[in-house]
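**Student:** Spelled out from the first residue to the last, the chains are:
Protein chains: 2
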Amino acid sequence: MTPIKKKLLIDMDGVLADIYGQFIKYEFNDIGLTQSLTDLTGKLEREAFKYHDKYVNSENFFYSAIPIEDSIETVRRLNDVYEVYIVSSAMQFPLSLTEKINWLTKHFPFLSWKQIVFCGTKEIVCGDIMIDDHFKNLDTFQGQTILFTQPHNIDKPTDNHTRVNNWKEIKTILL
Amino acid sequence: MTPIKKKLLIDMDGVLADIYGQFIKYEFNDIGLTQSLTDLTGKLEREAFKYHDKYVNSENFFYSAIPIEDSIETVRRLNDVYEVYIVSSAMQFPLSLTEKINWLTKHFPFLSWKQIVFCGTKEIVCGDIMIDDHFKNLDTFQGQTILFTQPHNIDKPTDNHTRVNNWKEIKTILL
Numbered sequence: 006m007t008p009i010k011k012k013l014l015i016d017m018d019g020v021l022a023d024i025y026g027q028f029i030k031y032e033f034n035d036i037g038l039t040q041s042l043t044d045l046t047g048k049l050e051r052e053a054f055k056y057h058d059k060y061v062n063s064e065n066f067f068y069s070a071i072p073i074e075d076s077i078e079t080v081r082r083l084n085d086v087y088e089v090y091i092v093s094s095a096m097q098f099p100l101s102l103t104e105k106i107n108w109l110t111k112h113f114p115f116l117s118w119k120q121i122v123f124c125g126t127k128e129i130v131c132g133d134i135m136i137d138d139h140f141k142n143l144d145t146f147q148g149q150t151i152l153f154t155q156p157h158n159i160d161k162p163t164d165n166h167t168r169v170n171n172w173k174e175i176k177t178i179l180l
Numbered sequence: 006m007t008p009i010k011k012k013l014l015i016d017m018d019g020v021l022a023d024i025y026g027q028f029i030k031y032e033f034n035d036i037g038l039t040q041s042l043t044d045l046t047g048k049l050e051r052e053a054f055k056y057h058d059k060y061v062n063s064e065n066f067f068y069s070a071i072p073i074e075d076s077i078e079t080v081r082r083l084n085d086v087y088e089v090y091i092v093s094s095a096m097q098f099p100l101s102l103t104e105k106i107n108w109l110t111k112h113f114p115f116l117s118w119k120q121i122v123f124c125g126t127k128e129i130v131c132g133d134i135m136i137d138d139h140f141k142n143l144d145t146f147q148g149q150t151i152l153f154t155q156p157h158n159i160d161k162p163t164d165n166h167t168r169v170n171n172w173k174e175i176k177t178i179l180l
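Top to bottom, those sequences are chains L and C. Under our numbering, read the first sequence as residues 6 to 180, first letter to last. Under our numbering, read the second sequence as residues 6 to 180, first letter to last.
Wrong hints could be hidden among the right ones.
Any copy, or any two copies together, can satisfy a pair, since identical chains are not distinguished.
[To be verified] Think about it this way: if two alpha-carbon atoms lie no more than 25 angstroms apart in a straight line, the pair counts; the simulated BS3-like pairs of lysine-lysine are: (1) K12 / K119; (2) K30 / K55; (3) K161 / K141; (4) K55 / K12; (5) K48 / K30; (6) K48 / K59; (7) K173 / K161; (8) K48 / K119; (9) K55 / K119; (10) K111 / K12; (11) K141 / K55; (12) K119 / K59; (13) K141 / K59; (14) K176 / K12; (15) K141 / K11; (16) K173 / K12; (17) K12 / K141; (18) K59 / K10; (19) K30 / K59; (20) K48 / K176.
Source of the hints: derived by calculation from the structure; they are not laboratory data.
Construct all of the structure, not just a fragment, from the sequences and the given hints.
**Tutor:** Encoded structure:
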């Protein structure tokens, strides 16, 4: 009998896709500003980047994001062991939906459309393990919670969640 | 203290949007054929309509669908009493995503983007009540399940689900 695989829910922005890097690049190209990590610490993207809304609503913003280091190879291996779902709070930016699907198809071709979830709030998804960079998503999740370090959460106490700083640490915990 | 509202998950195609009506209209316009309800009984859309894939992949197919009778007014009232989510298996047809959001904004403007979920499989969503026209979605759901009658399920035994034939019956059960 095949053992039942655990449901592993993986966030997209800030966990698979380097969205912070996109904001930094867009801001530099737009107004010539490069903020330091100290400037960004503890601030949500919307607070840290003055023209946040302009950037996220511009064509190609999500599609041209760089995958976070080691994410592709690790998710490929996790996909054999877990029932993997990519769960993204994408509804606030409707333009991003198609770009996000295309991005996943390009960088994670081994995942199927059945493994993608776009939602407004993550309170509606359930599973065994969640990897996310936002406390609001992890705090309401019933299973094991892994906080992926990003500048906006780096200064916060980790509470009941397990903090990881990169995909190598995820590999150590989950594989 | 505000009582916690129950999470009510409502399917889109075949429950809010008259997708069967769309297929019938597209098929007639395309090849001049009008199938009777008897022809359609017990068949999934893909089996019943020869050019299914062409229609669902054509621009405007989802956006121009007619809301099912009484759905708008009933969902408006349910939205006061329940924590309503619209949950649609939309990932197989990436073109549909934006159309579906625009359709909801047009016909259900009282719902927010936070209440929309697009997924590949509904095994990943959880809540208290699910209204759907497909057994595969209801069968894996942990809460109360309501089967919305459509030609493809009309000939099947209802099993553990409660069958409703229209939105008036949903109003009677849930309000």
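**Student:** Taking the hints in turn, state whether each one holds.
**Tutor:** Here is what the structure says about each hint:
1. For a Cα distance limit of 25 angstroms, the shortest separation of K12 from K119 qualifies both inside one copy, at 13 angstroms, and across copies, at 23 angstroms.
2. Proximity of K30 to K55 under the C-alpha cut-off of 25 angstroms is restricted to the intra-copy arrangement: shortest distance 13 angstroms within a copy versus 48 angstroms between copies.
3. In the homo-oligomer, the alpha carbons of K161 and K141 lie at most 25 angstroms apart inside one protomer (13 angstroms), although the nearest pairing across protomers, at 42 angstroms, exceeds that limit.
4. For a Cα distance limit of 25 angstroms, the shortest separation of K55 from K12 qualifies neither inside one copy, at 37 angstroms, nor across copies, at 36 angstroms.
5. For the homomeric pair K48 and K30, the shortest alpha-carbon distance inside one copy (17 angstroms) is at most 25 angstroms, but the shortest distance between copies (51 angstroms) is not.
6. For the identical chains of this complex, K48 and K59 are intra-copy neighbours only, at 18 angstroms inside a copy versus 46 angstroms across copies, given an alpha-carbon limit of 25 angstroms.
7. With identical chains, the CA atoms of K173 and K161 are at most 25 angstroms apart within one copy only, with a shortest distance of 21 angstroms there and 50 angstroms across copies.
8. In this assembly of identical chains, the alpha carbons of K48 and K119 lie at most 25 angstroms apart only when taken from different copies (22 angstroms versus 34 angstroms within one copy).
9. For a Cα distance limit of 25 angstroms, the shortest separation of K55 from K119 across copies, 24 angstroms, qualifies, whereas the shortest one inside one copy, 36 angstroms, does not.
10. Proximity of K111 and K12 under a CA criterion of 25 angstroms is satisfied intra-copy only: 23 angstroms inside one chain copy versus 35 angstroms between copies.
11. For a Cα distance limit of 25 angstroms, the shortest separation of K141 from K55 inside one copy, 22 angstroms, qualifies, whereas the shortest one across copies, 46 angstroms, does not.
12. For a Cα distance limit of 25 angstroms, the shortest separation of K119 from K59 across copies, 21 angstroms, qualifies, whereas the shortest one inside one copy, 31 angstroms, does not.
13. Proximity of K141 to K59 under the C-alpha cut-off of 25 angstroms is restricted to the intra-copy arrangement: shortest distance 24 angstroms within a copy versus 41 angstroms between copies.
14. With identical chains, the CA atoms of K176 and K12 are at most 25 angstroms apart within one copy only, with a shortest distance of 16 angstroms there and 34 angstroms across copies.
15. In this homomeric assembly, K141 and K11 come within 25 angstroms of each other (Cα to Cα) both inside a single copy, at 22 angstroms, and across copies, at 20 angstroms.
16. Taking identical chains as interchangeable, the C-alpha atoms of K173 and K12 lie at most 25 angstroms apart only when both belong to the same chain, with a minimum of 20 angstroms there against 37 angstroms between chains.
17. Proximity of K12 to K141 under the C-alpha cut-off of 25 angstroms is found in both arrangements, the shortest distances being 20 angstroms within a copy and 18 angstroms between copies.
18. For a Cα distance limit of 25 angstroms, the shortest separation of K59 from K10 qualifies neither inside one copy, at 41 angstroms, nor across copies, at 35 angstroms.
19. For the homomeric pair K30 and K59, the shortest alpha-carbon distance inside one copy (13 angstroms) is at most 25 angstroms, but the shortest distance between copies (40 angstroms) is not.
20. For the identical chains of this complex, K48 and K176 are neighbours neither inside a copy (28 angstroms) nor across copies (45 angstroms), given an alpha-carbon limit of 25 angstroms.
Checked against the numbered hints above, the structure breaks hints 4, 18 and 20 and satisfies the rest.
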